[in-house]
Amino acid sequence: MSAQLWIHLAEGFALALQPENLLFAAIGVFLGTVVGVLPGIGPAGAVAMVLPLVFKLNPVSSIIMLASLYSGAMYGGSTTSILLNVPGESSSVVTCLDGYQMAKQGRAGPALCIAAIGSYIAGTLGVVGLMLFGPGLARLALKFGPPEYFALMLFGLSAVSSLASGSLIKGVMAMILGLIISTVGMDTTGVLRFTFGRADLFGGIELLSLSIGLFAISEILVLIREHHTGAAKEILSHKLFLSFKDFLDSIGAILRGSVVGFLIGILPGAGAGIASFISYSLEIQISRQPEKFGKGEIRGVAAPESANNAASVGALVTMLTLGIPGSATTAIMLGALMSLDVQTGPLIFSAHPDVVYGLVAALYLGNIMLVILNLPLVGIFVRLLRVPLKYLITFILMLSIIGVYSANQNVVDLVFMCAFGVLGYLMRRHGYPLAPVILGFVLGGRMEDALRQSMIMSQGNPIILFSRPISILFYILALFFILLPFILRYITGKEAEEIIDQEG
Amino acid sequence: MSKQNKKKRIDWSGDQVSAAVSIIFLCCYGYMALGMQVALEVDVVGPGMFPKILTVLGLVMSFALLFKSIRFSKKDDEDKTSIALKQRSHMAVPIGILLIYALSLEYLGFLLMNFLFLLLILRYLGSSGWLRTAIVSIVVTAITYGVFHSLLGVRLPVGTALIWAWKTLAAL
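So the sequences go chain by chain: G and X. Note that our numbering gives residue 156 to position 156 of the first sequence, counting from 1, and the numbers run on in steps of one. Note that our numbering gives residue 56 to position 56 of the second sequence, counting from 1, and the numbers run on in steps of one.
Read the hints as simulated data drawn from the structure, not as lab findings. Heads up, a few of these hints could be off.
[What the hints assert, rightly or not] Away from chain G, derived, C-beta distances all over 10 Å, residues of chain X:
| id | residue |
| --- | --- |
| 1 | 39 |
| 2 | 71 |
| 3 | 109 |
| 4 | 117 |
| 5 | 129 |
| 6 | 142 |
| 7 | 158 |
[Claimed, not checked] To list a few chain X residues with every Cβ distance to chain G over 10 Å, as calculated:
| id | residue |
| --- | --- |
| 8 | 20 |
| 9 | 98 |
| 10 | 101 |
| 11 | 138 |
| 12 | 146 |
| 13 | 150 |
| 14 | 167 |
[As the list claims (entries may be wrong)] For lysine-lysine, the following DSBU-like pairs were computed, each having C-alpha atoms within a straight-line distance of at most 35 Å:
| id | chain 1 | residue 1 | chain 2 | residue 2 |
| --- | --- | --- | --- | --- |
| 15 | X | 167 | G | 292 |
| 16 | G | 292 | G | 104 |
| 17 | G | 390 | G | 104 |
| 18 | G | 295 | G | 390 |
| 19 | G | 295 | G | 104 |
| 20 | X | 52 | G | 143 |
| 21 | X | 68 | X | 52 |
| 22 | G | 390 | G | 292 |
| 23 | X | 52 | G | 104 |
| 24 | G | 245 | G | 295 |
| 25 | G | 295 | X | 68 |
| 26 | G | 245 | G | 292 |
Positions of the beta carbon are idealized from the N, C-alpha and C atoms, including for glycine.
Could you build all of it, start to finish, from the sequences and the hints given here?
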């Protein structure tokens, strides 16, 4: 590391540690967490909301506030996922799988704690990555053409083998349903597909209608059934804090999630949702007890939460060094920077060191504030679960309605939310996993675009999809991930047979 | 014997029903994909290609599930085939209330609809006393409106029917 970098970094910290900038970072983290907790508004909405205020600040203060807000919102989304099974955005859908199960077992506190600690560690590692490898990795990300994106998306879809806890056929069917839902609306060439002439459907199905319908509304229907049949279980005791063993169990998942999240975050358009799915899948594949996932495994919360925060820092790398916004949030941030006369691009590190290193320092301080502000809130959030079931159900329903409506101010989204709620309820009853639907939906649009662009590049020759080294690597990894459960089952089956033989 | 056959035909397992529903759905989806026209000359794939691939994959999986469920049918599955009438009402009432809320929201506005929604759903879930529940509903609606509309700037509908009624009354 050159001495110059340390000098710039010290200057960055000196700037970020100025009382007014610290205050803006604290306000940003707090507002971000509050907005992130409420479904529907999301990080992009949160950043857009404070833009008028940001234009009145100097460039360093404004980027500090935006970055802190972004980190806070990314973390805040996990709270409702864990406590209420209401995912606010695609990146917190995976957190529902084990987080909500932990809450049901009275371990909401450790789940929220590990989400905060994982976000902190991932954010910090992401900041180090941004500082050390940012420009180099961003240039590498530019080598990702449509065939590589297609392979990456296919690799992402291979996560279905780990998300399908019961039957792989049902898991794949659920994933295909998600892919089918992603084809509704106007495609990239302007053709309207499966819209039945309704203008409300031209933009496609809203992610929040699908995720809140499938997860929250179907869960409400189950809770109402249990409430009426008297089968609902009251969670009497709640563990508030994380044990050292929980932390040790999770640290590997946090580190792996951070690396995976950061690398995927750098790829323009890949996003935090995909990062969280892939990191969760990776944890299951390498776990010695994969059957524990989906039933309240703490690593199932630690990995995706770390990945989505690291991905948000990764997305900043591409935005700062290449001027390419990887998500709606970074696009808004890019707009804010441009309006403040900060030109993003490869020269930003030398042209605006105050902004870049101020941002690095702000992100680091923002992460510390995230933990300081949020750990004491865990107890308050956990108390929410002690509210009588009838009020909790009503609260979740109201939050879901406002969350889905506020995304587009469209009642059709609410109708879809109800429909997906019933669908989710029926799918649960018949043993279909719900997460692959979201996986397919999140990856579907980008996968189709990558396929189409690849075909245009090769004038219809599909060989292009299999002729690039990065693509081949992803196909091999995808195949490995899909086959691994079968290989492991074969090996463990043989071991079991041998034990039975020996005992027999 | 004929009675047994008749019973066998009716008692489809949950997997068989879901596979059959998927096959019908995918046939309709695939048929619609067949009729899609290419908009740009450069687009060698066309808008229908991806849906067609999904249709084929989905049909393969659905038939695999159907085959598996027939070959290895379990008696336990039969219990899940139909949802009991009582359970259906548990699902229908909240979904019905939610749908009415959704469809009336823009006409009657957030304040009125949210109040009615809370009142009905809380009563349905066993909240005691109309007056007490109404007070809780009013307070919660007011707080929610304050937080989302006034503080966070989320646009919540005022209600076109209410605006029309107000204007009509004002004109009188």
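Against the structure, the hints:
no.: 1; hint: 39; result: 5 Å, violated
no.: 2; hint: 71; result: 13 Å, holds
no.: 3; hint: 109; result: 12 Å, holds
no.: 4; hint: 117; result: 7 Å, violated
no.: 5; hint: 129; result: 13 Å, holds
no.: 6; hint: 142; result: 13 Å, holds
no.: 7; hint: 158; result: 12 Å, holds
no.: 8; hint: 20; result: 12 Å, holds
no.: 9; hint: 98; result: 5 Å, violated
no.: 10; hint: 101; result: 7 Å, violated
no.: 11; hint: 138; result: 14 Å, holds
no.: 12; hint: 146; result: 13 Å, holds
no.: 13; hint: 150; result: 13 Å, holds
no.: 14; hint: 167; result: 22 Å, holds
no.: 15; hint: X:167 / G:292; result: 61 Å, violated
no.: 16; hint: G:292 / G:104; result: 15 Å, holds
no.: 17; hint: G:390 / G:104; result: 16 Å, holds
no.: 18; hint: G:295 / G:390; result: 25 Å, holds
no.: 19; hint: G:295 / G:104; result: 10 Å, holds
no.: 20; hint: X:52 / G:143; result: 30 Å, holds
no.: 21; hint: X:68 / X:52; result: 24 Å, holds
no.: 22; hint: G:390 / G:292; result: 30 Å, holds
no.: 23; hint: X:52 / G:104; result: 41 Å, violated
no.: 24; hint: G:245 / G:295; result: 18 Å, holds
no.: 25; hint: G:295 / X:68; result: 26 Å, holds
no.: 26; hint: G:245 / G:292; result: 16 Å, holds
Comparing the model with each earlier hint shows violations of hints 1, 4, 9, 10, 15, 23; every other hint is respected.
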